[in-house]
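Colleague: This is what each chain is made of:
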Amino acid sequence: MCLAVPGRIEEIYQKDGLKMAQVDFGGIRREVCLDYVPEARVGEYCIIHVGFALSLLSETEAKETLALLKEIDNLENELEPAEGNPGL
Amino acid sequence: MNWSRLREILDYETGILFGQTIEEIELAVMKYVSEYRDAVLVNNVMDEIRRTVTKPWTLMEICGGQTHAIVRYGIDQLLPPEIELVHGPGCPVCVTPLELIDKALIIASQPDVIFCSYGDMLRVPGSGRDLFSVKAAGGDVRIVYSPLDAVEIARENPEKQVVFFAIGFETTAPPNVMSVLQARSLGLTNYSILVSHVRVPPAINAILSSPTSRVQGFLLAGHVCAVMGYHEYPLLVDRYQIPMVVTGFEPLDIVQGILETVKLLEQGKVEISNPYSRVVTFEGNTAAQDHIAQVFEECDRKWRGIGTIPMSGWRLKSEFDEFNAERKFDVGEIKAEESPLCIAGEILQGMNKPQGCSAFGTLCTPEHPLGATMVSSEGACAAYFRYGRVTING
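Going line by line, the protein sequences match chains C and W.
Residue 147 in the working numbering sits at position 63 of the first sequence, with consecutive numbering throughout.
Residue 241 in the working numbering sits at position 238 of the second sequence, with consecutive numbering throughout.
Hints in this document: simulated from the structure, not taken from any laboratory.
Treat the hints with care, as some may be off.
In silico SDA-like cross-links for lysine to any residue, where the CA-CA straight-line distance does not exceed 25 angstroms [what the hints assert, rightly or not]:
#, chain 1, residue 1, chain 2, residue 2
1, C, K103, W, D152
2, W, K34, W, Q164
3, W, K272, C, Y97
4, W, K266, W, K34
5, C, K154, W, M49
6, W, K338, W, P114
7, C, K103, W, D293
8, C, K154, W, Q80
9, C, K147, W, D50
10, C, K99, C, E115
11, W, K272, W, D79
12, C, K154, W, T289
13, W, K34, C, R114
14, C, K103, W, G190
15, C, K147, C, G127
16, C, K99, W, T289
17, W, K58, W, K266
18, C, K147, W, Y76
19, W, K305, W, K272
20, C, K154, W, T284
21, W, K34, C, G101
22, W, K34, C, D108
23, C, K99, W, A290
24, W, K272, C, G127
25, W, K272, W, D293
26, C, K154, W, Q270
Same shape as in the complex, but just chain W:
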């Protein structure tokens, strides 16, 4: 395996699909996956979208995994010209603030620390370097596939402090909180998490409340809804008079989500719909929600490229202070500056696209990203770059 291929897999599939290569996963005939990649069915739904649409509509997919799939399968290019997809801020790696990455780098550089992370955080640069360079300089930085692996590392290394970089949206919260509960139940005193958790509904609220928002319909993130249900969204549907559709991640799921949204828009219906019903229920996973409420509480959270969104994050409750890496390792206040060239904030809010940036593909690449949307393959800029979507001049 060559290095760039390994990097690609580290970027995207590792840490999520249990470390298998893309080929291994895709060669396998997987029930409930293969059927939803059926090109004939996707084309039929695409035809139905063409027959349904009569005027221009702008839809936003909130989730970075969906952005990646849309660009990877060319779904945006197959859509009729009336439908524009704008890409939302749903890439947790992208929106993790620089200051927190700098904190991670300081903690990971300490000699008695084993720093564990999902693979896609490793090459996200802080103000200067990234976790890969800390590892290269002798730091003990490890990629784990599940936070329970980090707990196991803590158990096996009682003389070390094990810190897990707990980032993510609602989907990743149940595994991350379980690691804390499990560490407590095992009596571990050398395990802590560095939390940068974000939530989808406050982000949607922030986007739609902006006077410059162009979004007329939302594809909701299917796996966030698998955990949280979709009972938080009718309020937003009513407030902004915008239809929302719970959407999955396979090509057929995505085109079905688009079809459903376009149908609602064309019929003038303002409601929420759930075609991803094989996975998502209205209530969501109540056991997971209970565990999150036990360990986390809502807080204001800074989103890289956007700024602070009120009550848009989760942090550890004070009764879990002993597992809070920010309390265990006093790294002080950190101030970080973003590149003045970067327009990630506009892209994350659906106001601009990668081709609108003068630095795209020249000064800013996945190897040397200037800002949020180029740092992870789920960011819109990185997806456009990887699939050659924008011609670079000069």
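Same shape as in the complex, but just chain C:
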């Protein structure tokens, strides 16, 4: 029920007094209400739930999280002894 997916804002317009947008989900376009993220701009990503943008996606935070997770592997490669080497 609480699933929400990220989509890219393609076009912003007013409809019946609400701020609406066409949002692209990997090639699928849908109309979404932007009233809860009034600061949103074309080209930005937001998190959509039942036709409403609930949060603007922070690209900086997304990059930092992924970089951190990728580091886990790098750190491990540095710490683990090479194959065949007893390490002590």
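Take the given structure of chain C and dock chain W to it, following the hints.
Modeller: Just chain W, lined up with the frame of chain C:
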């Protein structure tokens, strides 16, 4: 498309992902989705969890969407044996009380009513039948993807009463309240909502205050926090001395949430952490919170399988009575009885698992559910059933 496939999609993806099929959604390379399904990264984090853990820990994911993803991707089976995930009550379809579903069925059966609902409520049985059977008997029951679609239906059908089944947690509240505000602003007198809204923090409080609770760490529901922020949780962290971690919904988000919780537990740290920072801020969406406060007020709410949790729900404020379907349609008091076989209450509070139930998969199936956790695919029993997690004997 065959019927069972359609039902599957109705169950889970429709009404949430705008009616696309699972294949359409997954074929699309979606930025900020695909990266978080990267198997190599998920495995690396899983390895880090194995290296971090030194003793047994029991964690609860509160959200039904996360339960579904955990079972679907087999995350629970990949975890080291020290870590047990128990599944929380965060499936709004599951915890909607029988009495309210019976009310929905009575309202939906009336000849001048168009009854609108998110897709996953349609086959939840009340005491006897479900909304699908009302539709089959000629009732005008429609699946909508957004509550604004229901408002549009009300505008197009001024001679009918349009009722929207407004269920959900904090995530779904901003769309649902917007539909009421929009109906008022458009001057509609034929739109109302049947409200069964529930909130996460009182449920966590109820679970942790139970003397039988085994939960040592919580994965917080990411999209509930996207709306509400996570400023309500430090109080619970302090009161119960349990770490909590704001967690997203993709496999990488979930394993990262688990890693973060295990790290805090192993280090003896009692605090709240937010690795889902690309979506969630401490304050949350204040515009959405303001709209909710304008339309809803807190109330006691009965949770199917658990019972009444004080101040755990939202209802319409009295100044919105004209949009309150329970006031518009006087259906009287309804009493409903649950099956005595069902152990959903224990499962929803993390005290038992589907395999602990004698009716699982035999007397109780997604087609004929006996109780809360089998009625929606986000319920633990339905997820275990769908992904063949428990062998059925006999």
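Colleague: Which earlier hints turn out false for this structure, listed by number in ascending order?
Modeller: Going through the list in order, the structure violates hints 2, 3, 4, 12, 19, 21, 24 and 25 and respects the others.
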